[in-house]
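A.B. asks: Sequence order for the protein chains is A and B. Just remember that our numbering sits 439 ahead of the position in the first sequence, which is counted from 1. Just remember that our numbering sits 79 ahead of the position in the second sequence, which is counted from 1.
Quick caveat, the hints were computed from the structure, so don't treat them as lab data. Certain hints may be false.
As the list claims (entries may be wrong) - Derived, one-sided and incomplete: chain B residues facing chain A with beta-carbon distance under 8 Å:
id: 1; residue: 101
id: 2; residue: 226
id: 3; residue: 242
id: 4; residue: 337
id: 5; residue: 357
id: 6; residue: 372
As the list claims (entries may be wrong) - Here chain A is said to cover these stretches of chain B; the calculated rule only asks that three of the stretch's residues, wherever they fall, bring their Cβ under 8 Å from a Cβ of chain A:
id: 7; region: 219-225
id: 8; region: 231-237
id: 9; region: 343-356
id: 10; region: 379-390
For glycine and all other residues, C-beta sits at the position ideal for the given N, C-alpha and C.
Here is how the chains run, residue by residue.
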Amino acid sequence: MTLNETDNTLERRETFSLEQSQVMSPSVMFWRQFRRHKAALVAILVLTIMAFMCFFAPVIAPYEFDAIDLRNTKQPPTLKHLMGTDELGRDLFTRVLYGGRISLTIGIFAALVGTLFGTLIGAMAGFYGKQIDNILMRFTDIAFSIPTLPLLIVVSSFTKASLPVIVLVIGLLSWMATARVVRGTILSIKEQEYIIAARMIGVRNGRIIFRHILPNTFSAIVVGATLSVGGAIITESVLSFLGLGVQPPVPSWGNMLQDSQTTMASKPWLTIFPGLAILITVLCINFIGDGLQDAIDPTLRGK
Amino acid sequence: MENSMTLYISRRLLQMIPLMIGISIIMFALIQAVPGGPEAMFLESGRFIDPTIIESYRHRLGLDQPLYIQYFKWLAAAVTGDFGLSFSTSRPVSEMILERLPATLELMLMAFIFAAIIAIPLGIFSAVRQYSLLDYLTTTLSFLGIAMPVFWFGLMLQLLFSVKLGWFPTSGRITVGDASLVDQVRHLVLPGIVLSLLYIAGWSRYMRASLLSVLRKDFMLTARAKGATERYVIWVHGVKNALIPVVSIMALDLAGLFSGAVITETVFAWPGIGRLFIQSVYSRDYPLVMGILMMGSFMVVFFNLVADVVYAWLDPRISYS
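For reference, chain A alone in the conformation it holds in the complex (with noise of 0.2 Å):
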């Protein structure tokens, strides 16, 4: 939001200078924007930490995530158990910490397989158009029009709760977004005349794909598979908190609020942390996924 001082202060650099002028490649420029963006440096330094710490549990940890000490049972955060224990006396932090490994691993695959189904499709449909277009168009219409939420709790609930399941189930319904936009950036950028005169030329259809169009809509592509891995997060935890998705004892940030709520009045600890540790998670991913789009396309800039 201070973007308009520095903005200028480049303005007149560049006019002063114009022999000293570099020739920035687009990669050059986008580090340079993405900088400028101090919520998303500081969320991808949380990001990092909270990662890191939750990929090295095992090791950090100060105890089993499934030790049991019924000699203390609910107590609240101390110096001894950092967010507290359950009633079966488990360290709350080192269960928040397994669950994040847990949470985050299915919020980035069941991001990765939703973008990679979704860019297939509108892919497919942007490129070939016509009666493929509108046939993925219906498709997509149709998947767009039922209740997400409602669907992934029915499929859930007769499907086995494993965790490749969880992931696909998760992806599978959230490709539809993605789908549109790489569709519609396709059929933007195949209008423009470099295409049509690549084309021209003889260049193969493969090779037009790869070398000028995907390019183009990895930026879209990137944005959004960010942003959808954060969704997934919450969706898995809604999906745990109702019983349906990871299930005990394995942790997850979800399903550790699962019977909370009895237990809110007395313990609050343990409806807290691991409800904290998604909204932090999912907040930063945010963040990022707003940096990169700022940087990624200048003339959503200053909106």
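Dock chain B against the given chain A, drawing on the hints supplied.
C.D. replies: Okay, now just chain B, sitting in the frame of chain A:
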């Protein structure tokens, strides 16, 4: 103008039909995909059931007929609003849905109005006073709102306002023995706030962006040059135009409120369709589940139509071709 508007609406309504048919096919496939088929509830009860009883049950439900006949029979019934009998209560599904519908509609309406009242002024003031403290706060809060898991927010509000402070009741729609307006409103407050959070976040950002882009347009300069006061220019020219896309987004999100209601009703034990849905999923009551899903899909499609019509109606620049 009126004529082409009616044409537009009728054309969109016609387009809805293949869409709903496509949705119904997927729904039907979903029913069939359940392991054990629609008679799963019997099979899961764990008792040994005489296979002939299962056979006669299947025959009664018409399950031994070829799939496409089953589909058409189901579709024909669904179109007339008959979604069969609930497995758990043996009552007609449509009756059960209609019973709980008012509660959910009440919640959705409350959340919608609350979100609109807060988000739109917030978005307007953020745009008008860009880069101010208010703008910064609004943007931060809307980021928070989007990142917050709705059910956790509900739990936190419950913890703070119901358990610790005792200002509002923890759950339910009314207190037994006291159905006064005050009591009903008190019950509505927390679930309403929770349901509306996501939309306050989204709509205020969208309003801000929309107004910002309108304020930069040339006609705003013309209006100012005419000598109109700044307030008039902003409100009459700016906001009116900026509201158009925001209103259509709001109509679209109305359908999303249904999904959100599912979670909110569960957290606050609100006796609506969302909670009914969860209960029916747990008890494997598939006719009820499908009935609610179909209703939800219809709402989405319908509000898409409403959003488009409202947008076309509000924006005189759009032609109805």
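A.B. asks: Against this structure, judge whether each hint is valid.
C.D. replies: Checked hints:
1. 101: holds (4 Å)
2. 226: Constraint on residue 226 of chain B satisfied, holds at 4 Å.
3. 242: holds (5 Å)
4. 337: With Cβ-Cβ at 6 Å, under 8 Å, it holds.
5. 357: holds (7 Å)
6. 372: holds (6 Å)
7. 219-225: holds (count 3)
8. 231-237: Contact hint for the region 231-237 of chain B vs chain A: holds, 4 residues under 8 Å.
9. 343-356: holds (count 3)
10. 379-390: holds (count 3)
Comparing the model with each earlier hint shows no violations; every hint is respected.
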